[in-house]
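Peer 1: Use the sequences and the hints to build the structure in full.
This is what each chain is made of:
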Amino acid sequence: MFTAVAQALKPLEVKSTRSGFKTSDQVQGQGAGRSRKRSIHGYVSIYRRSATQPLGLRWGFETTSKKYD
Amino acid sequence: MGKIFTRYGDGTPTEMSAGELRADLEAGTEDAADRGKIPPLSEDELKHLVDIFSSPYKFVSVEPGQEIVLTYDGAHVKMRRHGLNVERIQGLQIYEKVMGADTLELCHVDYSFKPLKPIVTYEQPVMEQALLVTHAPLFYGAMPNLGLYSQPDGPFPNPSELMPAGKIEEAQESHEKSVEAAVKDIVFVGSCMLECGADGINIDSTGAAGDADFLAALLATQQLKEKYPDTCIEIGMAGEFILGMHAGLEFEGTRLAGLYPHDQVQLVEKAGATIYGPVVNTNTTQSTPWNVARVVTFTKAVGEIAKIPIHANMGMGVGAVPTCDHPPIDTVSRASKAMVEICRLDGL
Amino acid sequence: MALAHAHASGMGGMRTTGDLVARMQMTRGMKIQEAKAYVANKLKLSISELTDPVIMTEVRQDLKLGCMSPQAGDAFGIEAKFRIAEVLDIEINCVNKFKNKVAF
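The listed protein sequences correspond, in order, to chains A, B and C.
My numbering runs 8 ahead of the 1-based position in the first sequence.
My numbering runs 4 ahead of the 1-based position in the second sequence.
My numbering runs 347 ahead of the 1-based position in the third sequence.
Hints in this document: simulated from the structure, not taken from any laboratory.
Computed cross-link-like contacts, DSS-like style, restricted to lysine-lysine with a CA-CA straight-line distance of at most 25 angstroms:
1) B:Lys231 x C:Lys444
2) B:Lys229 x C:Lys444
3) B:Lys229 x C:Lys378
4) B:Lys229 x C:Lys446
5) B:Lys274 x C:Lys378
6) C:Lys444 x B:Lys121
Peer 2: Given below as structure tokens:
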């Protein structure tokens with residue numbers, strides 16, 4: 009199953025962590041091993057955006073026949 | 005004159021003479037005046053309270069034309085507590101038709117914003133459907149409840165453990181981080197419910213965990229009003245006095261620790277809230293006349309300066325209502341009449 | 348306890364005009380006397396009539412604002428709220444959402 013999902017997604021460079029678990033570039037530095045302190049005083053999206061996702065987006069995730077773009 | 009029937013703050017029945025009644029009323033108003041640095045009740049107001057408590061009737065009410073609006077927090081939860089297994093929408097319809105509610109509130113049994121985050125998508129359809137079959141304005145309510153953000157229930161170190169260990173700065177930092185997290189949660193859940201049609205959000209029992217709790221409600225109100233300027237935000241308090249658990253938190257330059265209702269209302273107005281619900285705690289070892297005089301003194305001071313509607317909290321253990329499961333109508337009706345007729349209340 | 352308050356000092360909700368006065372407090376931040384005066388003006392009644400359940404039953408049925416014992420054909424729920432928004436000249440969140448959902 010992992011192989012099928014990996015083939016469907018856009019190929020990414022992966023880097024291994026000390027545990028051998030492969031993480032993608034997108035989540036680099038944000039796993040358990042991060043040491044950089046992340047400020048929580050920055051931009052908080054919920055203060056600006058709608059909290060309720062549009063119906064079209066929600067139905068898109070739930071309909072398995074559609075491809076993930 | 006015979007003995008006057010009344011109760012203690014825990015509901016225990018008692019009798020007192022006219023002299024004892026008058027003495028308790030004076031002591032109650034002086035206690036409030038001393039604590040809050042506000043004027044005590046006038047001679048006319050004390051006489052009016054004597055008349056209310058001397059009435060031989062079980063039930064008293066306001067005169068026609070003086071009625072006010074009632075808001076109910078946690079409406080459905082009260083029904084479930086009595087073992088009435090009605091679902092929430094039915095409970096709201098019962099409140100609206102049978103119990104004369106002027107406003108309604110949809111809420112979850114776990115009445116805090118943090119636990120609502122993962123289940124809010126289940127709350128939204130209930131709100132949408134309730135709005136279709138009810139007539140009165142419908143709030144969605146929950147508490148900031150900052151205690152949930154400390155370990156073991158939450159992510160941040162527990163200030164109650166850090167303080168006795170002398171780690172004051174660490175405890176204060178934990179409070180500050182809890183505030184930020186709570187504001188995000190309140191804004192998220194509030195946004196979800198307002199976006200599906202709620203008439204307003206009730207941030208209930210504000211200040212229960214101290215000044216950090218109060219600050220979270222004020223900041224969340226600011227954010228929600230900025231996002232949804234036309235909505236109604238009600239801030240209902242938990243206690244009469246803001247406990248200084250952090251002790252250094254400020255809002256718009258005013259330190260929050262130590263504020264009484266007449267100070268709290270000014271900050272609530274600055275935050276942009278639409279309705280303010282002051283609380284004065286019931287002292288269970290004192291008589292109901294003592295408690296009523298005290299509550300009326302505090303609330304009158306709020307009514308004199310408030311620019312927004314004031315809906316005084318008069319539930320179990322607050323607003324001179326006895327702290328017992330089923331507050332007796334003799335006491336509740338007297339407290340209700342006293343509050344409405346002396347304070348400039350807009351609602352209860 | 349809720350009923351005790353409702354009888355002692357409440358306006359009575361849908362029996363009279365409690366819900367309408369509450370809406371004026373919530374939408375315009377009106378104090379109680381101002382809210383009562385506004386509703387009385389819109390309904391063309393006196394303030395004392397606002398809390399009379401006999402008069403208000405008739406008024407609410409005539410203006411389709413929702414009533415305690417709805418018959419077939421009476422406005423109910425969201426239907427009544429459409430009418431309340433119109434009569435009081437206020438915006439009601441769920442009414443606007445309803446309009447958006449049913450619009451073609």
